[in-house]
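Line order of the protein sequences matches chains C and U. Residue numbering for the first sequence follows our numbering, starting at 24 and increasing by one per position. Residue numbering for the second sequence follows our numbering, starting at 24 and increasing by one per position.
Calculated from the structure, these hints are not laboratory results. Misleading hints may appear alongside valid ones.
Any copy will do: because identical chains look the same in the list, a pair fits if it lies in one copy or spans two.
Unchecked claim - Keeping only pairs whose Cα atoms sit at most 30 Å apart, straight-line, the calculated BS3-like set for lysine-lysine is: (1) LYS227 / LYS303; (2) LYS224 / LYS362; (3) LYS34 / LYS87; (4) LYS370 / LYS445; (5) LYS256 / LYS345; (6) LYS345 / LYS224; (7) LYS441 / LYS413; (8) LYS303 / LYS362; (9) LYS224 / LYS419; (10) LYS265 / LYS34; (11) LYS213 / LYS227; (12) LYS34 / LYS80; (13) LYS419 / LYS256.
There are 2 protein chains.
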Amino acid sequence: MDKTPPPILAKVVPTTLDGFMELLPAEQILFNKMLDVIRETYELFGFSPLDTPAVEKLEVLLAKSGGETTKQILPLQKEGQALRFDLTVPLARYVAQRYRDLAFPFRRYQLAKVYRGERPQKGRYREFYQCDIDIIGDGQLGLINDAEIPSIIYAVFQRLGFGPFTIRINNRKILNGFFCSQNITGEQQKEVLRVIDRLDKIGKNGVSQELAELEVPEATISKIFGFIGITGKNSDIIEQLKGLGIADETFNAGVDELDTVINAIRRFGVPEENVAIDLKIARGLDYYTGTVYETALNDYPEVGSICSGGRYDNLAECYTDKNLPGVGISIGLTRLFSKLLEMQIIKTSGSTSAQLLIIPMDDQLDKAIEASARFRQSGISAMVYSEQAKPAKAFKYANRLKVPFVAIIGGQEVSQGKISVKNMMTGVQQLTTVSEAIELIQHRGEG
Amino acid sequence: MDKTPPPILAKVVPTTLDGFMELLPAEQILFNKMLDVIRETYELFGFSPLDTPAVEKLEVLLAKSGGETTKQILPLQKEGQALRFDLTVPLARYVAQRYRDLAFPFRRYQLAKVYRGERPQKGRYREFYQCDIDIIGDGQLGLINDAEIPSIIYAVFQRLGFGPFTIRINNRKILNGFFCSQNITGEQQKEVLRVIDRLDKIGKNGVSQELAELEVPEATISKIFGFIGITGKNSDIIEQLKGLGIADETFNAGVDELDTVINAIRRFGVPEENVAIDLKIARGLDYYTGTVYETALNDYPEVGSICSGGRYDNLAECYTDKNLPGVGISIGLTRLFSKLLEMQIIKTSGSTSAQLLIIPMDDQLDKAIEASARFRQSGISAMVYSEQAKPAKAFKYANRLKVPFVAIIGGQEVSQGKISVKNMMTGVQQLTTVSEAIELIQHRGEG
Numbered sequence: 024m025d026k027t028p029p030p031i032l033a034k035v036v037p038t039t040l041d042g043f044m045e046l047l048p049a050e051q052i053l054f055n056k057m058l059d060v061i062r063e064t065y066e067l068f069g070f071s072p073l074d075t076p077a078v079e080k081l082e083v084l085l086a087k088s089g090g091e092t093t094k095q096i097l098p099l100q101k102e103g104q105a106l107r108f109d110l111t112v113p114l115a116r117y118v119a120q121r122y123r124d125l126a127f128p129f130r131r132y133q134l135a136k137v138y139r140g141e142r143p144q145k146g147r148y149r150e151f152y153q154c155d156i157d158i159i160g161d162g163q164l165g166l167i168n169d170a171e172i173p174s175i176i177y178a179v180f181q182r183l184g185f186g187p188f189t190i191r192i193n194n195r196k197i198l199n200g201f202f203c204s205q206n207i208t209g210e211q212q213k214e215v216l217r218v219i220d221r222l223d224k225i226g227k228n229g230v231s232q233e234l235a236e237l238e239v240p241e242a243t244i245s246k247i248f249g250f251i252g253i254t255g256k257n258s259d260i261i262e263q264l265k266g267l268g269i270a271d272e273t274f275n276a277g278v279d280e281l282d283t284v285i286n287a288i289r290r291f292g293v294p295e296e297n298v299a300i301d302l303k304i305a306r307g308l309d310y311y312t313g314t315v316y317e318t319a320l321n322d323y324p325e326v327g328s329i330c331s332g333g334r335y336d337n338l339a340e341c342y343t344d345k346n347l348p349g350v351g352i353s354i355g356l357t358r359l360f361s362k363l364l365e366m367q368i369i370k371t372s373g374s375t376s377a378q379l380l381i382i383p384m385d386d387q388l389d390k391a392i393e394a395s396a397r398f399r400q401s402g403i404s405a406m407v408y409s410e411q412a413k414p415a416k417a418f419k420y421a422n423r424l425k426v427p428f429v430a431i432i433g434g435q436e437v438s439q440g441k442i443s444v445k446n447m448m449t450g451v452q453q454l455t456t457v458s459e460a461i462e463l464i465q466h467r468g469e470g
Numbered sequence: 024m025d026k027t028p029p030p031i032l033a034k035v036v037p038t039t040l041d042g043f044m045e046l047l048p049a050e051q052i053l054f055n056k057m058l059d060v061i062r063e064t065y066e067l068f069g070f071s072p073l074d075t076p077a078v079e080k081l082e083v084l085l086a087k088s089g090g091e092t093t094k095q096i097l098p099l100q101k102e103g104q105a106l107r108f109d110l111t112v113p114l115a116r117y118v119a120q121r122y123r124d125l126a127f128p129f130r131r132y133q134l135a136k137v138y139r140g141e142r143p144q145k146g147r148y149r150e151f152y153q154c155d156i157d158i159i160g161d162g163q164l165g166l167i168n169d170a171e172i173p174s175i176i177y178a179v180f181q182r183l184g185f186g187p188f189t190i191r192i193n194n195r196k197i198l199n200g201f202f203c204s205q206n207i208t209g210e211q212q213k214e215v216l217r218v219i220d221r222l223d224k225i226g227k228n229g230v231s232q233e234l235a236e237l238e239v240p241e242a243t244i245s246k247i248f249g250f251i252g253i254t255g256k257n258s259d260i261i262e263q264l265k266g267l268g269i270a271d272e273t274f275n276a277g278v279d280e281l282d283t284v285i286n287a288i289r290r291f292g293v294p295e296e297n298v299a300i301d302l303k304i305a306r307g308l309d310y311y312t313g314t315v316y317e318t319a320l321n322d323y324p325e326v327g328s329i330c331s332g333g334r335y336d337n338l339a340e341c342y343t344d345k346n347l348p349g350v351g352i353s354i355g356l357t358r359l360f361s362k363l364l365e366m367q368i369i370k371t372s373g374s375t376s377a378q379l380l381i382i383p384m385d386d387q388l389d390k391a392i393e394a395s396a397r398f399r400q401s402g403i404s405a406m407v408y409s410e411q412a413k414p415a416k417a418f419k420y421a422n423r424l425k426v427p428f429v430a431i432i433g434g435q436e437v438s439q440g441k442i443s444v445k446n447m448m449t450g451v452q453q454l455t456t457v458s459e460a461i462e463l464i465q466h467r468g469e470g
């Protein structure tokens with residue numbers, strides 16, 4: 024390739040970078056509908072929007088995180104600048120920086136793209152949407168907030184309608200306390216938690232092997248499996264945990280917290296069947312200090328975790344002396360969307376935002392434009408096919424877009440002060456006034 | 024600084040990079056309202072959403088542009104990757120790449136951030152929102168589209184309500200043809216157009232001087248001023264242009280196009296007073312080949328151009344052999360927003376998305392949570408003050424957020440099956456049922 028000079032008018036091959044999702048219009052419309060449901064639900068619960076820059080100072084991004092994160096970051100050429108890898112670190116920086124201007128508890132949502140430098144693999148993206156909510160307290164933040172978060176997630180996934188789902192809950196204090204009681208502490212504990220977090224991926228044997236490599240004694244390994252294998256109804260699990268007779272203070276504080284949170288979730292109207300204590304959930308990041316969440320679709324376990332989060336004692340400790348505890352959760356929408364689409368759990372419908380395409384005939388463009396304005400005044404998204412082309416081409420266009428309605432305005436229609444409206448789904452065409460057509464289309468929107 | 028080691032627990036100072044706008048919640052809510060109006064209006068006209076990656080291959084970004092653009096680009100450390108500097112180049116790449124999957128005319132909108140490497144100055148941002156619409160044809164695209172674009176911009180700014188505005192229109196062919204008739208061609212012509220585009224900034228003397236530096240003869244300079252000084256009603260300007268007796272073919276084609284577009288704009292219902300031919304508008308980018316637009320607020324000329332765009336004969340010529348003409352326009356929302364806010368043309372109201380804050384008293388948290396669910400079912404954004412704090416603190420919180428309504432649920436209210444609702448604007452408090460409160464709040468939303 025190096026030896027043949029390119030032709031002078033060589034085209035640049037139009038491609039995107041690996042690991043960057045880019046959708047066709049029909050997919051984008053579907054994606055945006057999900058984004059809208061999430062935003063509307065977050066706002067309904069009184070979360071306010073935030074829109075931090077996509078580029079942050081590297082020192083801000085790396086203030087807390089260890090070597091793992093450094094590898095994942097996507098730096099700019101300009102020294103000391105990089106793309107954010109999540110929305111939590113910028114939030115921590117934001118609350119520390121804007122502390123005096125904020126009212127606490129500070130409830131914010133942010134739906135935005137984040138960036139990762141890691142090698143793209145199937146289902147892993149270098150640019151993807153996170154849809155985050157967090158509640159940040161000033162000095163303190165009641166446990167009741169840990170119970171409200173699942174109720175918001177419940178509302179989101181009820182509205183999204185991907186079938187039954189389970190919000191799995193654990194508490195890091197229970198894990199930390201249990202491992203301390205087994206003499207697994209410090210760095211070893213962190214490593215062990217990371218291994219356990221991967222149980223779904225590497226299986227029981229894999230975990231067993233990796234724990235052995237971390238020099239966890241065999242007897243302890245089987246105790247660990249006994250512990251994370253505790254199952255049953257939520258109240259039963261709490262009883263079993265209390266009955267283990269573990270004297271560790273952190274452990275018992277964790278059990279009490281979990282008990283409180285599980286009971287409070289019920290008060291927020293989340294059905295028992297949507298919430299399950301799962302002692303396996305560790306959440307790799309050492310961020311979290313209390314409640315941790317993961318959510319999965321019951322009918323599609325292969326989709327994996329669709330949203331996760333938890334409680335952190337001190338969100339912004341790298342940036343301020345203020346103690347700002349918080350709790351939050353994040354939906355990784357890009358991965359979720361692409362999985363759901365691939366598995367045909369969701370399906371695209373049309374390739375256009377328009378509800379109506381108006382096709383003028385017999386030089387009635389002006390009448391078509393006039394009508395389009397009337398449709399829009401009633402909130403109906405309408406466009407006019409204004410190209411000079413045969414009607415067949417216009418109909419082909421309508422079919423490719425899968426626009427729900429087509430209106431035809433020709434000499435015959437104009438002479439009667441009407442338009443012909445065709446429902447493209449049913450194929451039914453009728454001659455009506457614009458007002459009648461507006462009702463027809465609006466009615467369909469409700470049906 | 025190098026000699027004193029930092030203290031071990033040194034905090035990272037929480038700051039953002041220069042040139043990156045970051046808003047407080049009240050400002051963000053206001054900003055998002057503008058974004059929503061723009062999106063809703065674009066969709067109402069049948070434009071479909073597109074969301075291309077923020078990172079593109081450098082060769083894609085630089086395919087067309089010259090040295091000017093190279094300096095403006097924000098590259099990643101990873102070779103051959105950079106942040107997009109506008110949404111038009113990614114669109115060109117997209118339509119070339121996805122040609123077979125798209126139906127033409129392809130109408131898309133994209134509201135997204137773009138990035139510039141230039142040194143930040145006041146009012147100039149390194150990250151800012153562009154709100155673009157474009158219509159792309161396959162092989163051809165009728166001039167009627169050049170007239171539809173201003174009608175959409177008209178609808179957007181009518182809804183945004185910043186007072187009277189003027190969409191100024193010109194046609195590049197008129198300028199090119201005129202300059203050719205004055206023997207100003209090729210690179211010199213491009214330079215001259217760039218100078219004229221800066222008339223508002225550097226004044227008549229500045230233009231005069233720079234034109235002289237470009238070796239434009241003095242007699243020609245005064246002809247140029249005579250030409251761009253042609254004013255009057257749109258129809259008068261067209262008549263004057265036709266009367267100049269310039270034999271240049273391009274010039275006359277441009278005049279015909281402008282005549283057609285100006286007449287067609289009227290058919291789209293845009294009042295005459297909102298559209299003005301302005302022969303000074305050149306638009307620096309050599310992208311544009313026909314119609315060009317700029318829009319300004321009549322009462323606030325210091326805000327400058329609030330949206331601009333135009334027609335390009337062949338959008339994607341760097342990426343494909345297909346001929347894809349287009350016309351589009353872009354609102355630079357970040358700059359517009361910050362100017363309007365600074366000049367107090369727009370004002371923030373509250374710091375929360377919530378319409379209602381429910382404050383439980385006398386341990387009535389459960390009743391508060393229950394009521395909040397009922398408000399949300401009616402579409403009212405509600406949150407519960409769940410911190411264990413004195414009522415005064417809760418009211419201070421409500422005041423800082425400027426939430427429109429506060430509800431109090433204490434023992435007294437519960438015993439009567441009611442809640443106390445306070446309109447925080449009027450100060451009026453009343454004891455009502457939840458249903459009555461819902462109507463009260465919804466009614467206020469309409470008022």
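Structure-based check of each hint:
1. LYS227 / LYS303: Intra 12 Å, inter 74 Å, cutoff 30 Å: intra-copy only.
2. LYS224 / LYS362: within (17 Å within a copy, 52 Å between copies)
3. LYS34 / LYS87: Between. Shortest inter-copy distance 10 Å satisfies the 30 Å Cα cut-off; intra-copy 45 Å does not.
4. LYS370 / LYS445: The answer is within: 24 Å in one copy meets 30 Å, while 45 Å across copies does not.
5. LYS256 / LYS345: Neither: 39 Å inside a copy, 63 Å across copies.
6. LYS345 / LYS224: Cα proximity of LYS345 and LYS224: none, with 38 Å in one copy and 47 Å across.
7. LYS441 / LYS413: Within one copy only: 21 Å inside a chain, 65 Å across chains, cut-off 30 Å.
8. LYS303 / LYS362: Close inside one copy (24 Å), not across copies (52 Å); limit 30 Å.
9. LYS224 / LYS419: neither (48 Å within a copy, 49 Å between copies)
10. LYS265 / LYS34: Answer is neither; intra-copy 69 Å and inter-copy 40 Å both fail.
11. LYS213 / LYS227: So LYS213 and LYS227 pass the 30 Å test inside one copy only (18 Å; across, 69 Å).
12. LYS34 / LYS80: between (36 Å within a copy, 14 Å between copies)
13. LYS419 / LYS256: neither (57 Å within a copy, 41 Å between copies)
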